[in-house]
Amino acid sequence: EPEVTQTPSHQVTQMGQEVILRCVPISNHLYFYWYRQILGQKVEFLVSFYNNEISEKSEIFDDQFSVERPDGSNFTLKIRSTKLEDSAMYFCATGTARDFLETQYFGPGTRLLVL
Amino acid sequence: QQQVKQSPQSLIVQKGGISIINCAYENTAFDYFPWYQQFPGKGPALLIAIRPDVSEKKEGRFTISFNKSAKQFSLHIMDSQPGDSATYFCAASSQDTGRRALTFGSGTRLQVQP
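Keeping their order, the protein sequence lines are chains A and B.
Under our numbering, the first residue of the first sequence carries the number 1, and numbering increases by one thereafter.
Under our numbering, the first residue of the second sequence carries the number 1, and numbering increases by one thereafter.
What the hints contain is simulated information worked out from the structure, not anything from laboratory work.
Since we're looking at a predicted model, the values are computed, not measured.
Positions of the beta carbon are idealized from the N, C-alpha and C atoms, including for glycine.
Everything hinted at is true.
Beta-carbon label-pair distances, calculated as ranges: (1) B:Gly16 / A:Lys78: 46 to 52 angstroms; (2) A:Gly40 / B:Arg61: 26 to 32 angstroms; (3) A:Gln17 / B:Gln95: 35 to 41 angstroms; (4) A:Arg80 / B:Val54: 42 to 48 angstroms; (5) B:Asp79 / A:Val12: 41 to 47 angstroms.
Each computed SDA-like pair below joins lysine to any residue, with the alpha-carbon atoms no more than 25 angstroms apart: (6) B:Lys42 / A:Ile38; (7) B:Lys42 / A:Arg69; (8) B:Lys71 / B:Thr28; (9) B:Lys42 / A:Pro8; (10) B:Lys15 / B:Glu59; (11) A:Lys42 / A:Phe65; (12) B:Lys42 / B:Met78; (13) B:Lys42 / A:Arg22; (14) B:Lys57 / B:Asp31; (15) A:Lys57 / B:Tyr32; (16) B:Lys5 / A:Glu102; (17) B:Lys15 / B:Arg61; (18) B:Lys5 / B:Arg51; (19) A:Lys42 / B:Asn27; (20) B:Lys42 / A:Ser87; (21) A:Lys42 / B:Ile48; (22) A:Lys57 / B:Ala29.
Just chain A, same shape as in the assembly (with noise of 0.2 angstroms):
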């Protein structure tokens, strides 16, 4: 069964450094998705992304971080400059239109942690 594949697993980073987290979506995807999971807490939405652009952003979504599909395949979020509250498991997601995007499958995810 395809599946959605992230890297690193684990990154560890300095405050203040830009990290770049990466997705691959399952390959017939078109619809893209970061989540983040603060220790312990709930699942959060940050951004959706379609057709090379953004289609809408939660409010920890700020000028500080970014999407792109730099290549047709992979999915990346970066984080240009990384605060200790950013420290979470980032988690992509992909869908497709053909079940009307409700189902979301999510990737393994990233832990962070910002030192």
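Using the hints, position chain B against chain A.
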């Protein structure tokens, strides 16, 4: 108004028992209500989902009950097994919002004791 409230926070059930997790929402634009199961170190995986045009959906041991007037829905796990031990999240989405961006509940950690 975007929140989905979930209870209980944690639940311990004996093997063979029934696990019940409840969620409530405010946003009447929500029109799709999935439940996700998450094991430690893994991403959430879709378990079962319902649309508001039906009051109940059953898949194997898992049943969603939906009460549109009360804006509540619940997950019932029949004959709970130790392998069901995981965190369960209810969620909701709207066709009008962010390509169906999911709004998650706070999660319920289920432990099924052998």
